Each structure stands twice: as C-alpha cells, then as structure tokens.
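J.: Please model the entire structure based on the sequences and the hints provided.
2 protein chains.
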Amino acid sequence: MKSYPDVLADLINCFRKLPGIGEKSAERMALSLLELSTDDVETFAASMIDSKNNLHTCPICGHITDKEVCDICSNEKRDKNVICILEDYKSVFAFEKAGNYNGVYHVLNGLISPIDDINPEDINLASLVERVSKLDKPELIIALKSTIEGETTTLYIKKIFEGKNVEISRLSYGIPMGTEIDYLDEITLDRALNDRKKISE
Amino acid sequence: MKSYPDVLADLINCFRKLPGIGEKSAERMALSLLELSTDDVETFAASMIDSKNNLHTCPICGHITDKEVCDICSNEKRDKNVICILEDYKSVFAFEKAGNYNGVYHVLNGLISPIDDINPEDINLASLVERVSKLDKPELIIALKSTIEGETTTLYIKKIFEGKNVEISRLSYGIPMGTEIDYLDEITLDRALNDRKKISE
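In order, the protein sequence lines correspond to chains D and P.
Heads up, the first sequence is in my numbering, so the first residue is 1 and it goes up one at a time.
Heads up, the second sequence is in my numbering, so the first residue is 1001 and it goes up one at a time.
No incorrect hints appear here.
In silico EDC-like cross-links for lysine to aspartate or glutamate, where the CA-CA straight-line distance does not exceed 16 Å:
| # | chain 1 | residue 1 | chain 2 | residue 2 |
| --- | --- | --- | --- | --- |
| 1 | D | Lys80 | D | Glu139 |
| 2 | D | Lys80 | D | Asp136 |
| 3 | P | Lys1090 | D | Glu23 |
| 4 | P | Lys1067 | D | Asp6 |
| 5 | D | Lys67 | P | Asp1006 |
| 6 | D | Lys17 | P | Asp1040 |
| 7 | D | Lys24 | P | Glu1096 |
| 8 | P | Lys1017 | D | Glu42 |
| 9 | D | Lys17 | P | Asp1039 |
Bear in mind the hints are in silico, worked out from the structure with no lab data behind them.
The model shown is predicted, which means the values in this text are computed figures rather than measured ones.
T.: Dropping the structure here:
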C-alpha cells in the first residue's frame, strides 16, 4: 500500500526510529511537523544536529554536557565529597528533577554484565577510583537498578573501595509511591521487607 | 531549574511544538534522538526539511504530493467520476488506509465558518466546480465532520450543484465500531436513528 508521498514516508520512518514511537504516532507527528512554519522546521532540524554534535560526556563525571565540564561538576555549591553513581545520563536528569540532591554524580554509561561480555573495564569505573582517591571524606551513593547487572555492579564497586575508608550506601528498595500493596510483585515486597525502616524510638 | 544543557533544552522545546507532545514525551524523545547514530540524526533532520520544502498541494485535488500531480489523480485505475470531498489531506491518508475507495478526492483545506470569517472563496471550492463541470457522470461523496462548519460546508456544496445533474451523498452518521450503545452521546444516537438503514426486503 503506497499512500504517503515518498518524502513523507521517509520522515515517518525517521520518527519510527525513536524508541516507543509506533506507526500511528510516527504518522501523526510527521503530519504535525508539516503544519509548523518553515522557520520552525529548520530550527528543529538544526537543533537535532546541534544536540547530536555538541553534546559530549563530562571528563569528570561522564554526564552529557555542551560545556567543557558539566554544570553540576563546575557548580561550587555542590558537595564534591558525595558522589551518586548512576547507570546513564538520563538518570542524572531524573535526580536533578527530584531536586533534593546536592552532591555530584558519576555516570557509568553501562553496567557490568558478563553475559553480554561487558566487563568492569568497559564501563566508566577507572575514573571513579581516581576521583575518589583525591577526596578527603568520600561518600558514594550507588543508585543502580535492581537487576542482576545492577547488583553485580553494586557489589563490584563495594569491593573496589573495601578498606579504603569510603562510606558507601545504595538506594533503598521498596514500595513505589501510590502503589497498592496487593499489586506488588513478590521480589519488590521481599526487598521492601528487608529494607524496612525502624520508626519506633 | 536548569538541568538540561542548552542545546538539549532547545531540542526538547522543538519536540514540544508538535501537537499532543507534552513535556515528558518531548524529553523522552529528545533523549532517544541522542542515541541514534549521527547518520540517522542527519537523515532525520534532512528529511524534515525535505518534507517541508518538497510537499505541495496537487493542482487537481488539493492533496499533498511531492510530484507535479498526486499519485491518486495520476492513477489511471481510479474512477475520476467519483470525487470524495474532504476537509484536509490527513483525511485522504485515512481513506487510503481503509483501502476500499477507488474514486478520487477533493481536499477543501478548510471548512466554511462565518464565525471565523472563513467564506466559501477561502477554501478550495472553485476548482471543484470546474473539475465537476468537465465530467460526464459526476458523483460527489461529501465526507466532512459533523460540526456546524462541516454541515454548513456540506449544505453549501449541495446548493452549488443543485439542478446540475450531479449525484451527491454524504457519509452516514452513526455508531462507531465497538462502542456500547449506552455510552453514545445523544446527538450521535439521534443521527444514527435518522440514518438508519433498512435491512428487511
């Protein structure tokens, strides 16, 4: 069935390359794009290329940035002794949106996964060791997902810094906000139980 | 709160200009775009500009096309005597997807709306009159939405061709597929009743 003009079909295919965009959404977005002004479309196209070309990883923490060093690492008000370890830069944005964290980050850009042949040297770990060695009173907060890869990486990091006077914690596992207890899967429930918090004095 | 690098914030704003894309979706799409290869991003950007620049309206029917005359008007197998009248080119794609229609189209690119000061001469109607005048046995199928503007336009078209030996019909109003009768709004129910179809012999 050939119903779209070629250039439009190409554009729809481009939108479909974005994760989570199905055929229907891609069509809707491509058609909407045609309704923007020529200026807006040109700005949009230029902005795509700018983002792709001008963003690179921060040499200190591995987050993406358009500056030499990212805004978080260069912010004097952030506590450089507290480093939150994350899998990817998307998680940094999530943390920054939550807005309550005043330390810095370290983005691994991956997780250790022997099955996929991703070893400790394949992720951004070496620079973490160097970074921590320069700190007076380092504290690491490991915020990785609770999968085999996330936990393997957590354990590996714990092992690297063993006996080196580094305070290490991980995020608590537990019940997400607003979720009914009876809808929780068994593993989450089990972990929420293990991570339970004392509320009595 | 400034958490995104400037170029990325710009890109997110571009995505937000697409109708129906909220902040969360725009962020998700901009971040996904960064994960495409540089080649893919360049193709995407070029494709946007190509679509915007190379698509124009078909001089015969008003549909969008990247050729001189659109694929539907230039298709010898389509019945040129049957013209389906639509509000916009998006509706043409919807009809073509349904796939059962073998006539041609006429895209009005608007509907008559005295309130918004859109008069008959502001929409693509003059060329319809000329087009129909050249046909042997013209049949018009009016497929406009059932709003005041849609119905005003339908009545206007009916009036133009009165006494000119043109067969005119409109799409039936009625119950959409899969909808429970008790969830239908009164107007739809009333119209479905008026457009009822005899099924006895």
